[in-house]
Amino acid sequence: MRFDKDLVAASATPLVLGILAEGESYGYAILKRVTELSGGRMQWTDGMLYPLLHRLERLGLVVASWGTSEAGRRRKHYAITPAGQEALAERQQQWSVVADVLQHVWHAAQASAPRPATADGWA
Amino acid sequence: MAGPHERLEAQIDQWRSYVQRRRAISAADVDEMEDHLRGRVADLVATGLDDDEAFLVAVRRMGNLDAVSREFAREHSERLWKQLVLVPEAPGHDAPGPTWRELAVVLALAVGAGVAAKVGLATIHEDTALLRNLPLLTAPFLAAYFAWKRRVPWRVLLALLVPYAVLAVVLNVYPYDTGGSTVLLAAIHAPVVLWALVGVTYVGGRWRAQEPRMDFARFTGELVVYVTLLAIGGGVLLGLTGATLSLVGVDIEPAMEGWILPFAVPGAVVVGAWLVEAKQDVVENIAPVLTRVFTPLTLVMLLVTLVVLLTAGDLAGADRELLILMDAILVLVLCLLLYSVSARDSLARAGWFDGLQLALVVAALAVDAVALTAMLTRIAEFGLSPNKAAALGLNLLLLVHLGRSGWLLLGFVRERRPFGALTRWQTRFLPVYAVWAALVVVAFGPLFAFA
Chain A
1 MRFDKDLVAA SATPLVLGIL AEGESYGYAI LKRVTELSGG RMQWTDGMLY
51 PLLHRLERLG LVVASWGTSE AGRRRKHYAI TPAGQEALAE RQQQWSVVAD
101 VLQHVWHAAQ ASAPRPATAD GWA
Chain B
1 MAGPHERLEA QIDQWRSYVQ RRRAISAADV DEMEDHLRGR VADLVATGLD
51 DDEAFLVAVR RMGNLDAVSR EFAREHSERL WKQLVLVPEA PGHDAPGPTW
101 RELAVVLALA VGAGVAAKVG LATIHEDTAL LRNLPLLTAP FLAAYFAWKR
151 RVPWRVLLAL LVPYAVLAVV LNVYPYDTGG STVLLAAIHA PVVLWALVGV
201 TYVGGRWRAQ EPRMDFARFT GELVVYVTLL AIGGGVLLGL TGATLSLVGV
251 DIEPAMEGWI LPFAVPGAVV VGAWLVEAKQ DVVENIAPVL TRVFTPLTLV
301 MLLVTLVVLL TAGDLAGADR ELLILMDAIL VLVLCLLLYS VSARDSLARA
351 GWFDGLQLAL VVAALAVDAV ALTAMLTRIA EFGLSPNKAA ALGLNLLLLV
401 HLGRSGWLLL GFVRERRPFG ALTRWQTRFL PVYAVWAALV VVAFGPLFAF
451 A
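Here the protein sequences come in this chain order: A and B. The first sequence begins at 1 in our numbering and counts up one residue at a time. The second sequence begins at 1 in our numbering and counts up one residue at a time.
Check each hint, because a few of them may be wrong.
[To be verified] Restraint ranges, calculated between C-beta atoms of paired labels, are given here:
id : chain 1 : residue 1 : chain 2 : residue 2 : range
1  : B       : 6         : A       : 9         : 18 to 26 Å
2  : B       : 100       : A       : 40        : 25 to 33 Å
3  : A       : 23        : B       : 101       : 54 to 62 Å
4  : A       : 41        : B       : 5         : 50 to 58 Å
[What the hints assert, rightly or not] Listed next, the stretches of chain A that the computed footprint assigns to chain B, with coverage defined by at least 3 CB atoms under 8 Å from CB atoms of chain B:
id : stretch
5  : 24–35
6  : 73–85
7  : 88–99
FYI, nobody ran anything at the bench for these hints, they're computed from the structure. Cβ atoms here follow ideal geometry from the backbone N, Cα and C, with glycine treated the same way.
Isolated chain B, as found in the complex (with noise of 0.2 Å):
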């Protein structure tokens, strides 16, 4: 379009690059935008006004960039994900501070949780009670984390208060039985409702709201990723010096035990999440990556398993273990399906990948039923224990959550649905895995008797 109008298509040009910088209005939203602007150009050229006058008003008519962008911003929160923030702060509200006294509150954070965890090694010596009070030392440090930085009220965090208080009574007043399995489960359901009280904090007390939610299971997700980089970074770091060390005769191993892990591990989960807040666009382009890789993979496992229990024979006298283990990969496969969903773009349209989705969360099912029926026929034969009725539970809210996804997902690949409705479905199913959690914690003990 040389010629007349070379000046109206560089103004055109200009205003595109302009546009384009806001994060939230992606480059398709540019080109409808820039449809737009055009189509008005053209009534107001046909009117009789020049090209520059033309476009001065329809720029203007396209109202305030800022105010469009930040309505943009409302709708489209995945990609302002690695804005930190929804809508950009008002000047004069100042900021959470310098880079560098966020790196000291963190560091501070850390350290502090790792003092927490090495106090509760060298006061505690039993093994169940320090495994039901290491999450309860060290989670307070995450949560004070997201409170300071998301300027948490403090009713939010008095009230957050109670169920810490009440987890904290109920871990370490029961009577267990040492050895019996209430006292595992309690153990091991209790870091889950800390991780929904952490999730509290981490939405800013909003925690009715469903969209933080989202972002919260996304968080989780680049944390575990975070984590792992972390500690295979450490670990080789750990493990050459061990090397060396062993070579003029000193042992890491007491220094291993005694020091570095109760500060390391800790101290990465904070440092970890701090990192996930900083560094969100780096992850941003892992976080598709990882879930494309791995939902084939985690797929061909599924069906493997499948095969192999079908195949197995008789379930009923099959051993504990592998059921337990079977919930421990359908739960991956949900925090799989829950990963790509947050990191997927709501809008764009049903492809392959959402097909193959759907398979995994179909071969999820058949492996939840096999499991369910196992399950079932064991208690209808040895009757219920307190483990059997843990993994009963967790496995009927399995069946609901993956059942209704595996149906929503139908309807959007057949483009009977939107994509919304299956991220609304998962942040309305979350809190119910936490409640559950809860219940497991407190009541399980009481109703079978310790044991």
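Isolated chain A, as found in the complex (with noise of 0.2 Å):
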């Protein structure tokens, strides 16, 4: 499925928290977990990560540091701070206001749409 642009920039910051939260983790595999809970629904372009995550150590949500991969290479992982939990507490309340009111648009939207075209017969 294709997400919006501005649809994954909103959605990217809460989710990547939000997997870090659960654990330290490195890009890849934040990625990789973006693609489970998703079902592979939701993809992201693989690089536009890393500016992400850079952004959010900037602003203290994370902190990054360098170790090393099981083949023994640099690989750089990340961890929630508690700025970060908070913010991510901050961004759960907004989404779940957000997701409530589209719930009830969608029920509203369900109820009124079909009645309309059928009366009138023009469909």
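Using the hints, build the complex out of the two chains.
Right, here's the structure in full:
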């Protein structure tokens, strides 16, 4: 499924913070987790994850440290900070309001949408 | 890793060098992305693809490199400082023209600033009036350069004209007492206001944005470096010429005062600004070195000052000039701090240099506290004068600025806060100085009866 760019941008921060809240991780693993959690329906452009992680690091929401991978290569690990936890909680509240409102709108739309179409006999 | 994956290794190497060419992406970022690429390739190979196919898919999944590097650029503007523009301009959107055209504009503006200075010198004969008006006459040429270079919209320029006109009117219409201190204060503070106006043109009118403000702080630091270099070079050249000419009985002094300095000084500033814009790569290597050399030296100087002040005894009776000098020292410390903050990679870990900087800020705060006490006792004893009010105001601003900087720096050194917090505090506080300077220029005259 293709997602609108703005929607991806808006949801990426809470998603990454949420995944890091599960425990320390690194870039590729975060991305795999996103694919896994969404059942493959959500796929990001891989490269875009890194500027986002760096922004979160600059804002102090995550801390990064260099370690080594199983193959012995340099790997940058990210962990969430207390400030990141706070930001995540705040985002969570905002998103649940948005999801809630959208739910209502979908219901309302479903309840009222089909009727005019059939009543007028146009379609 | 020779053998079966040799081809893959070669491809990854090639990809690395291709990515590394983007200036917004640092070597560490490439390492990070390479780790990602390898992870993706390994997973794809595990699903049955061969190395070539897996590599192609993995690179494709990484995304359009232009777009990715633009995202990196947005996040790491300090890396792109050397590239002049944050995002490469779209083709068809013609750039400010070839280099020779820019050079022509710069030279014309430099000569224009010189002519303005010369006209000022020829028509204004009173010293303080000259001091008040020379920055007013020359600043527009520097602003014009940035207005041209950044294509500042007309409405921004018109909006800038208003404070400029107010400044010009206030400086020339107020019935200042010649030889009084309000006139000198106005003359000293007006350039700060003018510099803020130049800053608005430098950031292309986006004066609310925080990031460009840091660029302007960086620019100011580098401009000082360049103008100093130009001044030293020019001084040596003039000294040698003067010495040679004096041997054949020609005195260079009148030409020096009448023509060379009025053209050379404003011209050097405009040309210096152009050099900073054009040759940022060079200075980029100097800035961190300069701050690393001068931070420890300044710390020593501050400690010596502090010890001398504390052992000097009664500071209320201390010379007024001492307090003014201390303000100057603190402003210098602040400039140094700002310059090093602007040149630092915001993602780098806290190191010994940050500790040193914290020590510098703490020492400056101690000096500031001593200066403030001395100032307050003087005010209690002799009453408030325009000079004391200006010095006190500046001192309080410095106290707030340095105090919070120290607090944020402490948080950063203890790894409780990101470096970005310190950067944001600097850029947020900078306009306060311009406002204070404007207040001194506009209000101090009437408040103190133009004494």
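Hints, one by one, checked against the model:
1. B:6 / A:9: 18 to 26 Å: violated, 39 Å
2. B:100 / A:40: 25 to 33 Å: Because 56 Å falls outside the window, the suggested range is violated.
3. A:23 / B:101: 54 to 62 Å: holds, 57 Å
4. A:41 / B:5: 50 to 58 Å: Check failed, 32 Å falls outside 50 to 58 Å.
5. 24–35: Coverage by chain B holds here, the residue count being 6 at a Cβ distance below 8 Å.
6. 73–85: Coverage by chain B holds here, the residue count being 4 at a Cβ distance below 8 Å.
7. 88–99: violated (count 0)
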